[in-house]
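Chemist: Each chain, written out:
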Amino acid sequence: MMRIRKVSIGWYILLLAFVVVTLFPIYWMLVTSLKSFQEVYTVVPTFWPKKLEWGNYLQIFSKYDYGPALLNSIEVSAVVAVLSVTVSLFSAYSVVRLRFPGRKAMPQIFLLSYLIPQTILFIPIYIFLSNIHLTNVIGGLFFIYPTMTIPYATWVFITHFQNFPVELEEAAFVDGATRLQTIIRVIVPPSLPTIVSTLIFSFTICWSEYIYALVVISNKGQRTITLALSNMLVADIIPWGPLMAGAVIAAVPIMAIYMVASKYIVGGLTLGSVKG
Amino acid sequence: MGQRTNDKRLPIGILIFALGYLVLVQGYPFVWAVSVSLRNQYIGGAAKFVGLANFAQLLSDQLFWSSMYFTFLYVFAAIILKLVLGYLMAAMLNQPIVGRGFFRAILFLPWALPTLTSVLTWRWMLGDVGGVVNYLLVQMHLIKGPIGWLGDPTYAKISVILVNVWRGTPFFGISILAALQSISPELYEVAKIDGANAWDRFVHVTVPSIFNVVLLVTLISTIWTLGDFAIIWLMTRGGPAGTTHVFSTYSYIVAFQNLQLSKGIAIALSIVPVSILLMVITMRYIFRRSDAV
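As given, the protein sequences belong to chains A and S, one line each in that order. Heads up: the first sequence begins at 93 in the numbering used here, then just goes up one per residue. Heads up: the second sequence begins at 1221 in the numbering used here, then just goes up one per residue.
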């Protein structure tokens, strides 16, 4: 019979503290986005809007051009995530399964590349892009964002394939399948949880990216959501209502995906190697 | 076997493409940055070789030193707090509490949210006008009057560190939780039978079992925290009076507002020895543990 261990009340008090501190900012973002202009700037803040106002959600699109930024972000994040995951899947497969000179150094190279902070590279990358005329166009971001996602995704897939039984592939080869067929039919289906979580995380990396976008893009029509939102800070009176509405729009899809997929995501987040 | 050899071409080709791409867009700019830092380059100007003059100039730049100082303070304080709170979070979620999976997902949210949205929300909450943090603290009689969270140098430093901690704690918490869950309960039983008290069990069973994970998570988080930009830039822009500048925000200002590209790059490169050291330690550590690679 299983013994039910009692949990001391202290842990529940700690849990309450963690939950309040975690959720309050998210709650506050939501509540602010639903308040009228007057209510946002009252001296005594209200914890629930006197009257729910959807105006901020209209204003962020009509007055602050959030629509194009949203489309740009969706486009860049989705395209870069899909391409990076595809490239990384094959790269990692080569590193783990195929024999070629220099193979042993590959995992190190990808991990090193993943660990390099953007803040060390952003100025030379800006100059590089301006030399090839890719500044101020969204194309510049398509070009550099995979430097963040490919190393990450390849690293995750490398650790994944190392734990993937080679026998299945060998059986497929015996049956006369080509390598491409084997990868698509034998390797991809059981790897779907890893592929999906890597896609999600790659998407999020691009979706949240700020410093590259900040230095590369200044043209309004080419902005991503992070730029559109941060640009709203440049005002005498910061329009917190619309700003929080924009933040909610940026955060909700990501939050929803994570809540649903959080079980799979942790492995990828911890670099796939922190297993205890 | 001819067909099998041909088969390799596509995956290997893609790997070479990925490597070539990373060398071109990451490796080349980095090497080139070193050469620019030895020149005198302004945006829109011609460059000439000046040797280490850019770095020499930094030595007498007070804002450079204060930004370096705050970079390390920021990293140190944030990492310690994330480690302690992350462990507490893990230990708590390791208890058989009601709705554990649900709370695990909830407490994970700050890490999942786009950095920018949480930073903006915190800036709004800590603001002087309509800021809810001051309001709550006054109501609870924890402070007498409103605090200039982002206007006072000391509080501004505390604020940016706290936002980093708020965002980064779940990464520690969830990783350490995974390590805690992999400890066999028998180990604790045996220790109990041997007469070990709670502290002994923590030191002799828990700590050795989670040490590897904690070290790795700490190293990786240190590298990321060292490279932070958005939190500080969007909360304070390095202010008030430059007191919350870290190397990244300062190099941004120098390069893109003062248009001194070479000096900006020199500032960014100043942190590279530390980054490389941390990366090398992390990599050696990871590759020592997984011999299969």
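It should be emphasised that the hints constitute simulated quantities derived from the structure, not laboratory data. None of these values were measured; they are calculated from a predicted model. There could be a bad hint or two in this list.
Here are the simulated EDC-like cross-link-like pairs (lysine to aspartate or glutamate), alpha carbons at most 20 Å apart as the crow flies [to be verified]:
| # | chain 1 | residue 1 | chain 2 | residue 2 |
| --- | --- | --- | --- | --- |
| 1 | A | Lys-142 | A | Glu-131 |
| 2 | S | Lys-1228 | A | Glu-261 |
| 3 | A | Lys-98 | S | Asp-1348 |
| 4 | S | Lys-1228 | A | Glu-262 |
| 5 | A | Lys-312 | A | Asp-157 |
| 6 | A | Lys-143 | A | Glu-131 |
| 7 | A | Lys-98 | S | Glu-1406 |
| 8 | S | Lys-1228 | A | Glu-259 |
| 9 | S | Lys-1228 | A | Asp-267 |
| 10 | S | Lys-1377 | S | Asp-1348 |
| 11 | A | Lys-155 | A | Asp-328 |
| 12 | A | Lys-312 | A | Glu-131 |
| 13 | S | Lys-1364 | S | Asp-1348 |
| 14 | A | Lys-155 | A | Glu-145 |
Taking CB as the label site, the calculated pair distances span [claimed, not checked]:
| # | chain 1 | residue 1 | chain 2 | residue 2 | range |
| --- | --- | --- | --- | --- | --- |
| 15 | A | Thr-270 | S | Glu-1409 | 30 to 38 Å |
| 16 | A | Gly-194 | S | Thr-1374 | 33 to 41 Å |
| 17 | A | Lys-312 | S | Gln-1401 | 44 to 52 Å |
| 18 | A | Leu-163 | S | Val-1270 | 53 to 61 Å |
| 19 | S | Leu-1497 | A | Ala-263 | 44 to 52 Å |
| 20 | A | Gly-147 | S | His-1361 | 30 to 38 Å |
| 21 | S | Met-1360 | A | Lys-143 | 46 to 54 Å |
| 22 | A | Ile-329 | S | His-1361 | 53 to 61 Å |
No residue lacks a Cβ here, since even glycine has one placed at the ideal position from N, Cα and C.
Chemist: A separate judgement is required for each hint: does it hold in the structure or not?
Modeler: Status of the hints after comparison with the structure:
1. Restraint check: the Cα-Cα separation between Lys-142 of chain A and Glu-131 of chain A comes to about 8 Å, which is no more than 20 Å; the hinted pair holds.
2. At most 20 Å may separate the alpha-carbon atoms for a hinted pair to count; Lys-1228 of chain S and Glu-261 of chain A meet this at roughly 14 Å.
3. A C-alpha spacing of about 45 Å is found between Lys-98 of chain A and Asp-1348 of chain S, which places the hinted pair above 20 Å, so the restraint is violated.
4. Of the pairs offered as hints, the one joining Lys-1228 of chain S and Glu-262 of chain A holds, with about 15 Å between alpha carbons and a cut-off of 20 Å not exceeded.
5. Straight-line distance between C-alpha atoms of Lys-312 of chain A and Asp-157 of chain A comes to about 8 Å, which keeps the hinted pair within the 20 Å bound.
6. Simply put, Lys-143 of chain A and Glu-131 of chain A have alpha-carbon atoms about 9 Å apart, close enough for the 20 Å limit, and the pair holds.
7. For the suggested pair Lys-98 of chain A and Glu-1406 of chain S, the alpha carbons sit about 18 Å apart, so the restraint of at most 20 Å is met.
8. For the hint pairing Lys-1228 of chain S with Glu-259 of chain A, the CA-to-CA distance comes to about 18 Å; that is within 20 Å, so the pair holds.
9. About 18 Å separates the Cα atoms of Lys-1228 of chain S and Asp-267 of chain A, which keeps this hinted pair within 20 Å; it holds.
10. At most 20 Å may separate the alpha-carbon atoms for a hinted pair to count; Lys-1377 of chain S and Asp-1348 of chain S meet this at roughly 16 Å.
11. Proximity of Lys-155 of chain A to Asp-328 of chain A is assessed by CA-CA distance (about 16 Å); at most 20 Å being required, the pair is judged to hold.
12. With a C-alpha separation of about 30 Å, the suggested pairing of Lys-312 of chain A with Glu-131 of chain A is violated against the 20 Å cut-off.
13. Restraint check for Lys-1364 of chain S and Asp-1348 of chain S: the C-alpha separation of about 15 Å stays at or below 20 Å, so the hint holds.
14. For the given pair, Lys-155 of chain A sits about 16 Å from Glu-145 of chain A by alpha-carbon distance, which is consistent with the 20 Å threshold.
15. Under the hint 30 to 38 Å, the C-beta atoms of Thr-270 of chain A and Glu-1409 of chain S, about 54 Å apart, miss the expected range.
16. Range check, Gly-194 of chain A to Thr-1374 of chain S: Cβ separation about 52 Å, and the 33 to 41 Å hint is violated.
17. The hint said 44 to 52 Å for the Cβ distance between Lys-312 of chain A and Gln-1401 of chain S, and at roughly 49 Å that hint holds.
18. Taking the beta carbon of each, Leu-163 of chain A and Val-1270 of chain S are about 44 Å apart, not inside 53 to 61 Å as hinted.
19. The hint said 44 to 52 Å for the Cβ distance between Leu-1497 of chain S and Ala-263 of chain A, and at roughly 46 Å that hint holds.
20. The hinted range of 30 to 38 Å is satisfied by Gly-147 of chain A and His-1361 of chain S, whose Cβ atoms lie roughly 36 Å apart.
21. The hinted window of 46 to 54 Å between Met-1360 of chain S and Lys-143 of chain A is violated, with their beta carbons roughly 28 Å apart.
22. Roughly 30 Å separates the CB atoms of Ile-329 of chain A and His-1361 of chain S, a value that falls outside the hinted 53 to 61 Å.
Violated hints, listed in ascending order, are 3, 12, 15, 16, 18, 21 and 22; each of the other numbered hints is respected by the structure.
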